[in-house]
Structure formats: structure tokens, C-alpha cells
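Visitor: Single-letter residue listing:
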Amino acid sequence: MRRPSTASLAAAALAVLLVNLTGLPAKLGGVTMFAAELALILLGGALALRSGQAALPDVAAGRVALRVATVLLIAIAVGQIGRDKRAFPLMPYAMYGRAAEGDASFYEYRGRHRSGAQKRFRPSTVIATLGRGRIVKGLARKLDAIAARAAAGGDPAGELALLRATVGALAALYNREHPRDPLTHVDVLRVELPPPYKPGSARRARVMTLAVEPTP
Amino acid sequence: MIYARADAARLACARVAILLGWWVDVALDPVPQLALLPRAWFTPHGPWLLVPDAVLDAGWNPSSLLVLKLTTLACVTLALLGAPGPRIWAGVSALLLTVLMAFVRGFGHADHSQLQALFATFALPFLPAWDALSLSGGGRARRASDYAAGFVTLALVFGFPYFLTGAYRLAHEGYAMFTGHSMQHFIARDTLTLDDFDSTLGLALLDPVWRPALNLGFFAVTLAELAAPWAYLRRTLTVAWLLLVVPFHLLAPVIMHVLFAHNLWLIVALYVWPLTWRTRGQALVASEASASPTDRSS
Chain A
1 MRRPSTASLA AAALAVLLVN LTGLPAKLGG VTMFAAELAL ILLGGALALR SGQAALPDVA
61 AGRVALRVAT VLLIAIAVGQ IGRDKRAFPL MPYAMYGRAA EGDASFYEYR GRHRSGAQKR
121 FRPSTVIATL GRGRIVKGLA RKLDAIAARA AAGGDPAGEL ALLRATVGAL AALYNREHPR
181 DPLTHVDVLR VELPPPYKPG SARRARVMTL AVEPTP
Chain B
1 MIYARADAAR LACARVAILL GWWVDVALDP VPQLALLPRA WFTPHGPWLL VPDAVLDAGW
61 NPSSLLVLKL TTLACVTLAL LGAPGPRIWA GVSALLLTVL MAFVRGFGHA DHSQLQALFA
121 TFALPFLPAW DALSLSGGGR ARRASDYAAG FVTLALVFGF PYFLTGAYRL AHEGYAMFTG
181 HSMQHFIARD TLTLDDFDST LGLALLDPVW RPALNLGFFA VTLAELAAPW AYLRRTLTVA
241 WLLLVVPFHL LAPVIMHVLF AHNLWLIVAL YVWPLTWRTR GQALVASEAS ASPTDRSS
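Residue numbers (the working numbering), protein chains in the order written: chain A, 1 to 216; chain B, 1 to 298.
Incorrect hints may have been included.
To be verified - With a cut-off of at most 20 Å between alpha-carbon atoms, the simulated SDA-like pairs for lysine to any residue come out as follows:
| # | chain 1 | residue 1 | chain 2 | residue 2 |
| --- | --- | --- | --- | --- |
| 1 | A | 137 | B | 189 |
| 2 | A | 198 | B | 190 |
| 3 | A | 85 | B | 113 |
It is worth saying that the hints were derived from the structure and are not from the lab. Quick caveat: nothing in here was measured; it's all calculated off a predicted structure.
Isolated chain A, as found in the complex:
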């Protein structure tokens, strides 16, 4: 079978891209949406490799390098199709990928200090490597899970204890760096911000208060 030309690959990729842009596969959902995305991934990947090969002055050049690129692109594509973040580093790339039209909801942490001062407690800044949403999104997921379990009539005691231990450990680390005015409590607030997302229109509700054990 003849290999498709670069031009025909590019035309097919552009056609699939335009179909996706219409939003029709998204409206149909399910298998159609998946097929449209898969077609775009396969055509895009094939075209990227073909263009790379064509850009080099001689065919023999970089044969090994381009084979490596092929293997890595296939692995990255498999990660995208697999949709499982636990398969790190072969993770899906879905950031800012779904429309978000409703309330923006999130959690806020208010630290109460020994001096009586109240300041925003920022868990990501306690251990710098937990930034980039790593810890705050993990905490939010746990808080959502606790609320869901409680709403379903279940007992979230285990998850609550783990949450308390984790926030407690973060607060203890914070206190180690700020011994003059340590945290005594952390209030967890659920914040709902309705469209058009004016910060003043946020509704805040306290979810729980976590007492911080004094640092020895």
C-alpha cells in the first residue's frame, strides 16, 4: 500500500480539525467525540513526524533521532487516550479543555494566629514543591469527598482525620518558620463565586475549623 503524501495528510488533518472546531463531535458526544479526537491525534502525530523527516536535507540523517521521536510521540498519544493521570508521565492533556460556565467554587484557608491576627493561610507556600495546585487541589478533592460522603449519610471520619493530620502537618511546618506568631487554628471556607465572577460577589461559608497543635 502506498504511503499517503504529506499534502494529503495535512489536508485530512485540517479537515478533521475544522470538523472538531464546529463543535459537532462535542454535541454528539460519546464515540463520535472520541473518534474525532483520536483522528486528530493520529493525523497530527503522523503529520508532525512526516514534516520533521521532510525538513531534513537527507533521508539517512537522524534516522535514530526520528525513531526516538516516533516512539515518544506514540507514548505521549497513548497517555492522552488512556486518560489516567496515575500513569505519569504518560498523562492526558486536558487542561482548560471543558467549558466552565457556572459558579467558580473553591476553598479558602484562613489562619488564626496566637496574636489574634487573621490572615490567609496558603498551603502551597509551606513546601514550595506543593505549588502548581498540587496540594490545594488535593485538599479540595478531599473536602469534596468528605462533604459527599456526609451528604450520602456515610461516615467521613477516616477522611476527616487524614485531612486534619495533613493540614496540621502543614500548619506545624508553617509555625516552625514563624515561631513568633504561630497559627492556632485554620478555618476552611467554601467559596462560591457566581458569574460574572466579581470578587465582591463571593459567598463564603465556613466548612470546618482545624485546631493546630502547639509546636513543642
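The hints should help you fit chain B onto chain A, whose structure is shown.
Guide: Relative to the frame of chain A, chain B by itself:
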């Protein structure tokens, strides 16, 4: 193609840039402190799924994590400097970086911030990236196109994840993604949730008057993501791509508290810097042109 003038020294510089980025990242990473958090909070990702719980429990202390960090740092240093057996050091570095990056993602959210740099690091051991600037004395003579192919490989593995991001967005929402107020939702949510930055500039963009501009910017960035695997093919395409991607990456931490430092660094190494390359002939013409006024006066 912007890599037409690649040579051994330039590909070696790209290798140094990639590994130097990791060196700084790992050196500054306070990863040993993570053992002070409850072990039960940790959810294994990637290679950590293969580690038995008993082993994980036994090694859950700052000293073990310090050993992991320092071993990674040592391997990255040896690969960066081109110590004897550089490809082996680069391969081991890629594996250890995967282990380390997978570990820090076990504490809540698995983000994408270092992934493209990691894939570029996976490719390094197979590229002729130690033929110059290497303690091991360089390799055999190769054709210039072999070094260009090395750059093409790095650009492909760096650009393809951008493409997948754009493809996912288009497949799951289509044009409707760029007509509603999703972008303002993302800005509000991320500015108020992601607390490693303190900037509140993003909140100023929540006024409805900004919505058309933000949606247009979002669409333009999506196009740039989709074009990423081909951005190196023509100088004009590279420049246009950079004009979209660089402001996006510079603005993201300010208005959304999202920083892709490795990406910015690699964009400089793989796209901005190659745009400045000149052939020996061009350099000669330029030096003659700059020298000519002096010649005339003398």
C-alpha cells in the same frame, strides 16, 4: 527550517540548557520535607505504583528523600558536564527525574508543568548531544543534518503535548469554548485557588468588558498549541508562534497563577536562540559591514 545551521556545539548547548533547567529545579526542590506529611496522604503515580507499600512505609523519611534528590542531582550533573558514559548518565537522570517528579505529584494534583522537559530529557540519550562541550571529549564526526535531526526530535516531543491540549479542547467543546465566559471562569478559579502567587491582576480582567479580548486570546493560544509541532519549520512561523506562546506563558503566572518555567526555558533554547543563528558567511558579511566605517576613517 530554523535548525538548518545546527552543529555539534549548538546541540550540546541545547543539552546543557535542558539539564541545567533540571539541575536548578531539583536543587531548589525541598522534596525531603514532603516526608513530614502523613504517609496516608500520598497517592502513588507512575513508577511509585510499582513500589510495595511496605517499602514505601519504611522509606518515608526526609533522609530517604534527600538521598533520592542528591542522587538525581549527581546524575544530572554528570550528564550535563558530559562525564565519561554521558548517555548512560542522561538515561539514568531521565529515570530518576521521572521517579522524583512522580513522587511530588502524589500529594494531590498531578500537574503538567515539567512534562515536556521530561520528554525532551528522555530523547537526549539517543541524540548526538555530547559531541561538543563534553568532559568525555566528544564523539565521532557527523553530518550537520544529524544535529538538525536532534533539534527536530526535541522540538517534536516538546511541541506534541501542546497539540494534544488544543485537540482535546476542540474535540470536547468546539468553537463554543471561545464564545462563553469559560476563560473568565478559569481566571477567577485559578487566581483565587492557586496560592503560590499573590498577584490579583487576573481579577481585574473579570469585568465583562474584557470577555471578547480574553476569548480571542484563548482562541489564538489554542491555534498556537495546535501549530506547536510545526513551529520550527519556517522562520516566519516560528516568529508568529513565539509572539503568541511567549506572552501567554509570561502572562499566565500573573493573571492565572500558573507558571510553566521549564517550557519558557525550553522555548528560548529550542526556538528563540536558533532564530539568531547565522551561517559563517552571514557572520562574515555582518562583521565586514560593521568594520567598514572604521576602515573608511583609517
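Visitor: For the pair supplied as a hint, residue 198 (chain A) and residue 190 (chain B), is the alpha-carbon distance within the 20 Å limit?
Guide: holds, 14 Å
Visitor: Between residue 137 (chain A) and residue 189 (chain B), is the straight-line Cα distance small enough, at 20 Å or below?
Guide: Distance ~11 Å between residue 137 (chain A) and residue 189 (chain B) Cα, so the pair holds.
Visitor: Need the status of pair residue 85 (chain A), residue 113 (chain B): alpha-carbon distance at most 20 Å?
Guide: Since the Cα atoms of residue 85 (chain A) and residue 113 (chain B) sit roughly 13 Å apart, the hinted pair holds (cutoff 20 Å).
Consistency with the previously given hints is maintained throughout, with no hint failing.
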